[in-house]
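Peer 1: Protein chains in written order, with my numbering: chain R, 1 to 232; chain D, 1001 to 1225.
Just so you know, not all the hints are guaranteed correct.
Keeping only pairs whose Cα atoms sit at most 35 Å apart, straight-line, the calculated DSBU-like set for lysine-lysine is [what the hints assert, rightly or not]:
id	chain 1	residue 1	chain 2	residue 2
1	D	Lys1192	R	Lys93
2	D	Lys1052	D	Lys1174
3	R	Lys48	D	Lys1189
4	R	Lys93	D	Lys1062
5	R	Lys64	D	Lys1026
6	R	Lys28	D	Lys1062
7	R	Lys54	R	Lys6
8	D	Lys1142	D	Lys1006
Calculated directly from the structure, the hints in this document are not laboratory data.
The chain contents come next:
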Amino acid sequence: MAEENKVSLHGFFASPYVRRVELALKFKGIPYEYVEEDLKNKSSLLLKYNPVHKKVPVLVHNGKPIVESLVILEYIDETWKNGPQFLPEDPYKRAQIRFWASFVHQQVFQNMVLILKTDGEAQEKAVKEVSEKLSLLEEGIKSIFPEGIPIIDQENVGLLDIVIVSTFSSYKALKEVLGLELIDLEKTSPLLFSRLKALLELPVVEGALPPHEKVVGALKFMRQNALNSASV
Amino acid sequence: MGEEVKLHGTWASPFSCRVIWALKLKGIPYEYIEEDLSNKSSQLLQHNPVHKKIPVLVHGGKATCESMIILEYVEEMWPQNPLLPTHPCERADARFWIKFAEEKQGPAMWTVYRTSGEEQEKAVKDTLEMLRAIEAHGLVDKKYFGGDKIGIVDIAFGQIAQWLGVIEDIVGVKLLEAHKFPRLHAWIKNFKEVPIIKENLPDRDEMMVLFKHFREMLLTSSRDS
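All chains should be built: construct the whole structure from the sequences, respecting the hints.
Peer 2: This is the structure we're talking about:
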């Protein structure tokens, strides 16, 4: 009985992709074992579980590995029917949520990483991209909730909420690392900002996010590394 | 269910073909609208304001964009002849390969087509790496990615079956050598023999003309910019 429904998560504390999976597990109340990976010295288990990408997160459920954060989220939603349903029942609404989750994941987040990892012209370009994408996202949120966004609680979080919180929760740390606010989220994306604020106040989210100082440290390290290797 | 289905696409687009294959495999009647990408219809721009791209599926007046998201929608609306497995573990595996096709294999392959020189050399290396991963992990002991029948992953990798060959011929680089990729090579043959696929692949000679022309335009404009 103890072996059934054994769940473990291989992750890295600063990874927003890992954060998504942790949030999903916590929202559903699924007990799991967490394995912190040293990304410079990946465990043989990780390499066995994810031979194609060799990356975190990896969810292991009863010995079977699932990889890619958004794929893991849908797997969790399909396997555990208790707690919030991350995707709605209606196929059209599901398609909308998948579209915008993928949009944040591919279009917004990748450019936010560039803002962190570059300076000068390259950074300016990335800031412009993020601003444009955020405007589109704001319209997208309106289209998903034409009657207004429902009040958030731990029973009605969705896939897009999890992606939003994991992607934007470090915006304060990012501001500190860059020394200035390149994008004023509250001004440019009021709907997104208010949704994010509400999500950050949920006990599950508060408990799942690493301490601010740790995030600042990790982001500083990533920025230094990237700028150093770019100037070589 | 009885509501009208419309598909905005272009004849030579692998993304457009994915949706056509799915609709035909499920026997869903639809109206096809061929878009001129140099003069996009107002309907297309209205239905896909974010990316302004094809394919767009319009069902009962509601638009869905992004080919693989459209496929999941089609699968959920019309469950006959399922394209996705039923077990969550196998579904997760299928979605892993869909992501791989969308984020890794596809972009690498098309970068080979769109570039030249050093950039193209890097893209060739990336594409080979992607193909090796698929060869080693995607088709072990399977006729199709979907098992005994084609499924959503076969459709996602459909680009490899025809478009990759066209790209190889145009740029003059052989990427998918049969002796290095025996599983993929066999899969391509099997995939193209599936009747719905066979009847709904764009004409290769016409594709050669079109893609040669586009590549010349792309390389000229990147030289001039």
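Peer 1: Compare the structure with each hint and give your call.
Peer 2: Results of checking the hints against the structure:
1. Taking the CA atoms of Lys1192 (chain D) and Lys93 (chain R), the gap is near 34 Å; set against the 35 Å cutoff, the hint holds.
2. For the hint linking Lys1052 (chain D) to Lys1174 (chain D), the alpha-carbon distance of about 33 Å falls within 35 Å, and the restraint holds.
3. With a CA separation close to 31 Å, the supplied pair Lys48 (chain R) and Lys1189 (chain D) stays within the 35 Å bound.
4. The suggested pairing of Lys93 (chain R) with Lys1062 (chain D) holds, with an alpha-carbon distance near 10 Å, which does not exceed 35 Å.
5. Restraint check for Lys64 (chain R) and Lys1026 (chain D): satisfied, since their Cα atoms lie roughly 31 Å apart, inside the 35 Å limit.
6. Restraint check for Lys28 (chain R) and Lys1062 (chain D): the C-alpha separation of about 31 Å stays at or below 35 Å, so the hint holds.
7. With a CA separation close to 22 Å, the supplied pair Lys54 (chain R) and Lys6 (chain R) stays within the 35 Å bound.
8. For the hint pairing Lys1142 (chain D) with Lys1006 (chain D), the CA-to-CA distance comes to about 34 Å; that is within 35 Å, so the pair holds.
Violated hints are absent here; each numbered hint is respected by the structure.
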